[in-house]
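Trainee: Going by the numbering used here, the letters in the sequence shown line up with residues 2 to 267, in that order.
Worth flagging that the hints you see were computed from the coordinates, not collected in a lab.
There's no promise every hint is true.
Stated by the list, open to error - Dumping the calculated PhoX-like pairs for lysine-lysine here, alpha-carbon to alpha-carbon at most 25 angstroms:
1. 170 <-> 104
2. 71 <-> 215
3. 149 <-> 104
4. 170 <-> 71
5. 241 <-> 104
6. 241 <-> 71
7. 71 <-> 149
8. 71 <-> 104
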Amino acid sequence: MKEVELEGLIASRLREAYTSGPIAPFASCINGDIDAAYRIQHRNTDHALQVQGRRIAGRKIGLTSPAVQKQLGVDQPDYGVLFDDMAVVNTGIVGMASLLQPKIEAEIAFGFCADVDDPSLDMSDLFERIEWVAPALEIVDSRIANWKIGIVETIADNASSGRFVIGRKVALTPEIELVNCQMRLQENRQVVSTGSGAACLGHPLHATLWLARKLIEVGHPIRAGELVLSGALGPMVNVKHDSTYLAAIEGIGEVSVRFGSSPESR
Numbered sequence: 002m003k004e005v006e007l008e009g010l011i012a013s014r015l016r017e018a019y020t021s022g023p024i025a026p027f028a029s030c031i032n033g034d035i036d037a038a039y040r041i042q043h044r045n046t047d048h049a050l051q052v053q054g055r056r057i058a059g060r061k062i063g064l065t066s067p068a069v070q071k072q073l074g075v076d077q078p079d080y081g082v083l084f085d086d087m088a089v090v091n092t093g094i095v096g097m098a099s100l101l102q103p104k105i106e107a108e109i110a111f112g113f114c115a116d117v118d119d120p121s122l123d124m125s126d127l128f129e130r131i132e133w134v135a136p137a138l139e140i141v142d143s144r145i146a147n148w149k150i151g152i153v154e155t156i157a158d159n160a161s162s163g164r165f166v167i168g169r170k171v172a173l174t175p176e177i178e179l180v181n182c183q184m185r186l187q188e189n190r191q192v193v194s195t196g197s198g199a200a201c202l203g204h205p206l207h208a209t210l211w212l213a214r215k216l217i218e219v220g221h222p223i224r225a226g227e228l229v230l231s232g233a234l235g236p237m238v239n240v241k242h243d244s245t246y247l248a249a250i251e252g253i254g255e256v257s258v259r260f261g262s263s264p265e266s267r
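Based on the sequences and whatever the hints tell you, model everything.
Mentor: Here's what the structure looks like:
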């Protein structure tokens, strides 16, 4: 089978996973090629936009926490696309039946007020283009059976994206502590994950700068009005049915979501 045909087949099977079930790992089929994995991801992004009529809400950075990298056996970050229909309101409900193998992690989100398309972008330029910061929960989900993934699978699988929840937004100012802020994630009022901004490539804005430069490089820069989930602040946690998850990030705020059988709160 030709390379382009194989990549197309993997892309279609990933799209069909919610109806046909998770698929087997496939990194060996494409020789562990990260570029091929991104081509598969981009195929499905194009399909979502052109065929399904979905809209991009922003981007996510994955695998920024050493703890999460250790969990998944990888050593570099990746990125994926956030579509507007993946958003869940703060304190809302996610229907478990809409997901395959959900896990959850706490993050810091940034919202952009200007395009980020200058190849010479530095940290100061990035800061000026960010309008707000907020606590966030990312609900990750894998279309790969039993989460048997390496970096190739998670990249192709849109960085294992599922849903996201954004808490109260506040203007980003230099006074907001992004590195030493402590994070606690609770499941039904019991702490199940802890961390800090430093877990995210040393600084959430360092991770966001990495993403911004990468997206400029591939010709899909961050646009005004989009948001970025900057990466996990601590280990991700398996989601349980009929459970509420609340993340508190020091100096930034709280955000929560419940998993149940009810229709989703979008």
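Trainee: So, for every hint listed, does it hold in this structure?
Mentor: Going down the list of hints, with the structure as the test:
no.: 1; hint: 170 <-> 104; in the structure: holds (24 angstroms)
no.: 2; hint: 71 <-> 215; in the structure: holds (23 angstroms)
no.: 3; hint: 149 <-> 104; in the structure: holds (14 angstroms)
no.: 4; hint: 170 <-> 71; in the structure: violated (31 angstroms)
no.: 5; hint: 241 <-> 104; in the structure: holds (9 angstroms)
no.: 6; hint: 241 <-> 71; in the structure: holds (22 angstroms)
no.: 7; hint: 71 <-> 149; in the structure: holds (14 angstroms)
no.: 8; hint: 71 <-> 104; in the structure: holds (16 angstroms)
When the structure is compared with the earlier hints, a violation turns up for hint 4 alone.
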